[in-house]
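S.K.: Here the protein sequences come in this chain order: E and Y.
Sequential numbering of the first sequence, starting at 88, is according to my numbering.
Sequential numbering of the second sequence, starting at 88, is according to my numbering.
Everything labelled a hint here was simulated from the structure, so no lab data went into it.
Certain hints may be false.
Because identical chains cannot be distinguished in the list, a pair is counted as satisfied if it fits within a single copy or across any two copies.
[Unchecked claim] Derived DSSO-like pairs: lysine-lysine, alpha-carbon spacing no greater than 27 Å straight-line:
| # | residue 1 | residue 2 |
| --- | --- | --- |
| 1 | Lys-116 | Lys-408 |
| 2 | Lys-116 | Lys-230 |
| 3 | Lys-108 | Lys-534 |
| 4 | Lys-408 | Lys-199 |
| 5 | Lys-431 | Lys-534 |
| 6 | Lys-431 | Lys-408 |
| 7 | Lys-534 | Lys-379 |
| 8 | Lys-414 | Lys-379 |
| 9 | Lys-431 | Lys-551 |
| 10 | Lys-408 | Lys-108 |
| 11 | Lys-230 | Lys-379 |
Single-letter residue listing:
Protein chains: 2
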Amino acid sequence: MSDIAPVLARVDENLSSSLEKLFALLRIKSISTDPAYAGECRQAAGFLADYLGELGFEASVRDTEGNPMVVAHHPGATAQAPHVLFYGHYDVQPVDPIELWTSDPFEPAIRKTENGTEIIFGRGASDDKGQLMTFVESLRSYKEIHGEMPVAVTILFEGEEESGSPSARPFIIANKQELTADYALVCDTGMWDPETPSICASLRGLVGEEVTVTGADRDVHSGDGSLVVNPVHVLCDILAGLHDESGAVTLPGFYEGVSETREDVRRIWDELSQMPANLLAEYGLSIPAGEKDRTSLELIWARPTAEVNGIAGGYAGAGFKTVIASKATAKVSFRLVGDQDPEKIRDSFRAYVRSKIPADCSVEFARHGGAPATQLPYDSPLLARAKAALSEEWPKPAVVTGGGGSIPIVGDFQSILGMDALMVGFGLDDDRAHSPNEKYNLISFHKGIRSWVRILATIADMPKSGA
Amino acid sequence: MSDIAPVLARVDENLSSSLEKLFALLRIKSISTDPAYAGECRQAAGFLADYLGELGFEASVRDTEGNPMVVAHHPGATAQAPHVLFYGHYDVQPVDPIELWTSDPFEPAIRKTENGTEIIFGRGASDDKGQLMTFVESLRSYKEIHGEMPVAVTILFEGEEESGSPSARPFIIANKQELTADYALVCDTGMWDPETPSICASLRGLVGEEVTVTGADRDVHSGDGSLVVNPVHVLCDILAGLHDESGAVTLPGFYEGVSETREDVRRIWDELSQMPANLLAEYGLSIPAGEKDRTSLELIWARPTAEVNGIAGGYAGAGFKTVIASKATAKVSFRLVGDQDPEKIRDSFRAYVRSKIPADCSVEFARHGGAPATQLPYDSPLLARAKAALSEEWPKPAVVTGGGGSIPIVGDFQSILGMDALMVGFGLDDDRAHSPNEKYNLISFHKGIRSWVRILATIADMPKSGA
Numbered sequence: 088m089s090d091i092a093p094v095l096a097r098v099d100e101n102l103s104s105s106l107e108k109l110f111a112l113l114r115i116k117s118i119s120t121d122p123a124y125a126g127e128c129r130q131a132a133g134f135l136a137d138y139l140g141e142l143g144f145e146a147s148v149r150d151t152e153g154n155p156m157v158v159a160h161h162p163g164a165t166a167q168a169p170h171v172l173f174y175g176h177y178d179v180q181p182v183d184p185i186e187l188w189t190s191d192p193f194e195p196a197i198r199k200t201e202n203g204t205e206i207i208f209g210r211g212a213s214d215d216k217g218q219l220m221t222f223v224e225s226l227r228s229y230k231e232i233h234g235e236m237p238v239a240v241t242i243l244f245e246g247e248e249e250s251g252s253p254s255a256r257p258f259i260i261a262n263k264q265e266l267t268a269d270y271a272l273v274c275d276t277g278m279w280d281p282e283t284p285s286i287c288a289s290l291r292g293l294v295g296e297e298v299t300v301t302g303a304d305r306d307v308h309s310g311d312g313s314l315v316v317n318p319v320h321v322l323c324d325i326l327a328g329l330h331d332e333s334g335a336v337t338l339p340g341f342y343e344g345v346s347e348t349r350e351d352v353r354r355i356w357d358e359l360s361q362m363p364a365n366l367l368a369e370y371g372l373s374i375p376a377g378e379k380d381r382t383s384l385e386l387i388w389a390r391p392t393a394e395v396n397g398i399a400g401g402y403a404g405a406g407f408k409t410v411i412a413s414k415a416t417a418k419v420s421f422r423l424v425g426d427q428d429p430e431k432i433r434d435s436f437r438a439y440v441r442s443k444i445p446a447d448c449s450v451e452f453a454r455h456g457g458a459p460a461t462q463l464p465y466d467s468p469l470l471a472r473a474k475a476a477l478s479e480e481w482p483k484p485a486v487v488t489g490g491g492g493s494i495p496i497v498g499d500f501q502s503i504l505g506m507d508a509l510m511v512g513f514g515l516d517d518d519r520a521h522s523p524n525e526k527y528n529l530i531s532f533h534k535g536i537r538s539w540v541r542i543l544a545t546i547a548d549m550p551k552s553g554a
Numbered sequence: 088m089s090d091i092a093p094v095l096a097r098v099d100e101n102l103s104s105s106l107e108k109l110f111a112l113l114r115i116k117s118i119s120t121d122p123a124y125a126g127e128c129r130q131a132a133g134f135l136a137d138y139l140g141e142l143g144f145e146a147s148v149r150d151t152e153g154n155p156m157v158v159a160h161h162p163g164a165t166a167q168a169p170h171v172l173f174y175g176h177y178d179v180q181p182v183d184p185i186e187l188w189t190s191d192p193f194e195p196a197i198r199k200t201e202n203g204t205e206i207i208f209g210r211g212a213s214d215d216k217g218q219l220m221t222f223v224e225s226l227r228s229y230k231e232i233h234g235e236m237p238v239a240v241t242i243l244f245e246g247e248e249e250s251g252s253p254s255a256r257p258f259i260i261a262n263k264q265e266l267t268a269d270y271a272l273v274c275d276t277g278m279w280d281p282e283t284p285s286i287c288a289s290l291r292g293l294v295g296e297e298v299t300v301t302g303a304d305r306d307v308h309s310g311d312g313s314l315v316v317n318p319v320h321v322l323c324d325i326l327a328g329l330h331d332e333s334g335a336v337t338l339p340g341f342y343e344g345v346s347e348t349r350e351d352v353r354r355i356w357d358e359l360s361q362m363p364a365n366l367l368a369e370y371g372l373s374i375p376a377g378e379k380d381r382t383s384l385e386l387i388w389a390r391p392t393a394e395v396n397g398i399a400g401g402y403a404g405a406g407f408k409t410v411i412a413s414k415a416t417a418k419v420s421f422r423l424v425g426d427q428d429p430e431k432i433r434d435s436f437r438a439y440v441r442s443k444i445p446a447d448c449s450v451e452f453a454r455h456g457g458a459p460a461t462q463l464p465y466d467s468p469l470l471a472r473a474k475a476a477l478s479e480e481w482p483k484p485a486v487v488t489g490g491g492g493s494i495p496i497v498g499d500f501q502s503i504l505g506m507d508a509l510m511v512g513f514g515l516d517d518d519r520a521h522s523p524n525e526k527y528n529l530i531s532f533h534k535g536i537r538s539w540v541r542i543l544a545t546i547a548d549m550p551k552s553g554a
């Protein structure tokens, strides 16, 4: 391991200039969902490319069909040093409703709370400008102390993450060679709590399906019920049949590729069981839904789901209409874990639905994406080293968590570039990402930079090829 | 029985002047759903009151909150003569899409088809101006021949039937004394086929319920599925559970008050089984839905139903949104038969729904009407006499049918005025009521008038109080 004590000391000394850089970036209104801010998005990309250039990177702003990517390369200290790909995004969410902000979202400021906590306010403070700058600033201090980087670094900054990353996959495919490294690092997730850092080791996959059942060739007066088939009934039967009484999904073959959570992982999660209880309370709920005899964390992180995300059929306006609809439609998504195959699950769903359609009715399907789950193996040396490094920095030891959602670009790193991703971030649940008065605790920024110093130092000691 | 031969002959002689009267009524654009035609509705009411006045009625146009009613009274030939209340409606459906009409909807005309059938074209030709005029014209011929009416007659013409009859029930309650008679007659239904007249002896009742299930206090990202309860799942389970595998409704007590169809009635219906097969084919369907081992006619006329008329929850727009909705809602209606109690069924439904709501979710209900089924007893002398009278007039004997829908005013006649209603009409399935190129066969109009002459004659021989 490189000597990191002087680098960490430099991080501390650099904090106010690091904040200046961050603030300059936060002032750029790089809202990606509104085309009116396309110029500001390009400005943010240019700002980052320029800054990386100053740090010795070969950096460029690269056009896409949407907002540009920033790609930058820096060699490692030695030819033997591993090569990391770091991903973050410079675009931010819109600021509406603007009237709920207590100060200008694009005039960042540090304020002290009553208990003395210093907080960075501004759109993008945590998601993701503050987070991506933790990585960049760790590199700066390395460079300043050692004159070189501990590992070879490729940086990919995206400008469309908040609007669905339409350009990401084509860009990764088109630049596969250039973007491939030994390890991928992502800084867009959160801490377990303000004292406990977290590594997100898994994300669930996703299959989206839209199903439309057609009965009569037009809406029918319900005076002809129940002679005329009601496609809403057919659809409700189908959807109700997706789960059995234990909450398990009934589709044939659905659990192929799903492993039970390892005992050691389960023990860790059992200790972490506090958060999802809070999550339910936050939504005004108290009873975990889904499979019985599973812990809440297991349900979100390690178990697959079938969810109806939308349903419509017949008359749903004000008042009442005694109609038997001609059509009923639902949007259904499956969250996948382990080695579940998205296309096999899509096929199983469609076969199940078709088996429940009366002979004189018809059914149509539309596909809405499909991606497998991603998982950083629990015995990965990268995970073990990152955990140790984070535990050195923070008051409490790092925990390994999962994610219930899906980040398609992490799947792309795995499926296209063949790289596992280490997801580490310093956001907190109360950071209000996507909401008014977004913030990032100063300690998250400061210790985040220090955390990357430690993680990069330990990666420098690893072999070049992936764990 | 009065001597009806000269009255029938007079009907034949009067046919062209009867048509002139009908055409004058058809020219009035009495569209009730569009307030722009309120003046024309009042004009139609005035036209009818004036005409009834010419026939010796004490007739008046009576204001309501909406379009006016026409109420008219004529004494019977003797104090012992029974008293009938006749109901029809002078308002018509809108004419959109106007471009599909082959001639002006309000310029009625008689045209001959290739096989020589004469047909009256125009909005309201069958629904319901043509039909109500069959009754009025039968009275005219009576009056002209005998100088008096065979029975005491009260007429109630409504002007809001096509827009939900909002004023009918309050009007009937407010004028209970004036409107009560021995028998109610309604001319707003159809023939079994062009040669077979029909008496509609029953209508189903209706209970409407709207149910809204709430889970989380806001929409939740489905990355938290299945930890967070999905109210669409809860609702689909509830709705799927409303029917068992045999198609029967599962609500406790639902079939209380439902009798099996009498053997003699069932035998008649078995012979009539042709029409509903056609009905299914007309909608592009072939398999009767609903309870197993029931004939199609039984299903529509004599069995209660539970139907979902509308469902909505989550994201149903274009594309896909991985959301777990906070709320899901459905509109559910029950068609009732026999002595089923609307309020007991509403209570049973609500209790069933509540029993399926997870403890941390909530449910709200909204009521949308409730009315019991109406039934003219199969052994009613009125039914037997009307059947005989119609069978005299038409090529084939009259059949007794049921109706799958609900006509609330007929329920009001029963529940408020204590009167059974005889529903006889001369419309045909291809009359295109509510559609462009509405028509009424000339023979329906002509034989319809003659049919009422016969029915009134036979009622004149009945006792004053209801069957």
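S.K.: A separate judgement is required for each hint: does it hold in the structure or not?
M.R.: We went through each hint and held it up to the structure:
{"no.": "1", "hint": "Lys-116 x Lys-408", "result": "between (48 Å within a copy, 26 Å between copies)"}
{"no.": "2", "hint": "Lys-116 x Lys-230", "result": "neither (29 Å within a copy, 87 Å between copies)"}
{"no.": "3", "hint": "Lys-108 x Lys-534", "result": "within (17 Å within a copy, 93 Å between copies)"}
{"no.": "4", "hint": "Lys-408 x Lys-199", "result": "neither (57 Å within a copy, 38 Å between copies)"}
{"no.": "5", "hint": "Lys-431 x Lys-534", "result": "neither (44 Å within a copy, 66 Å between copies)"}
{"no.": "6", "hint": "Lys-431 x Lys-408", "result": "between (40 Å within a copy, 22 Å between copies)"}
{"no.": "7", "hint": "Lys-534 x Lys-379", "result": "neither (39 Å within a copy, 69 Å between copies)"}
{"no.": "8", "hint": "Lys-414 x Lys-379", "result": "between (34 Å within a copy, 23 Å between copies)"}
{"no.": "9", "hint": "Lys-431 x Lys-551", "result": "neither (35 Å within a copy, 75 Å between copies)"}
{"no.": "10", "hint": "Lys-408 x Lys-108", "result": "neither (60 Å within a copy, 35 Å between copies)"}
{"no.": "11", "hint": "Lys-230 x Lys-379", "result": "neither (52 Å within a copy, 79 Å between copies)"}
Violated hints, listed in ascending order, are 2, 4, 5, 7, 9, 10, 11; each of the other numbered hints is respected by the structure.
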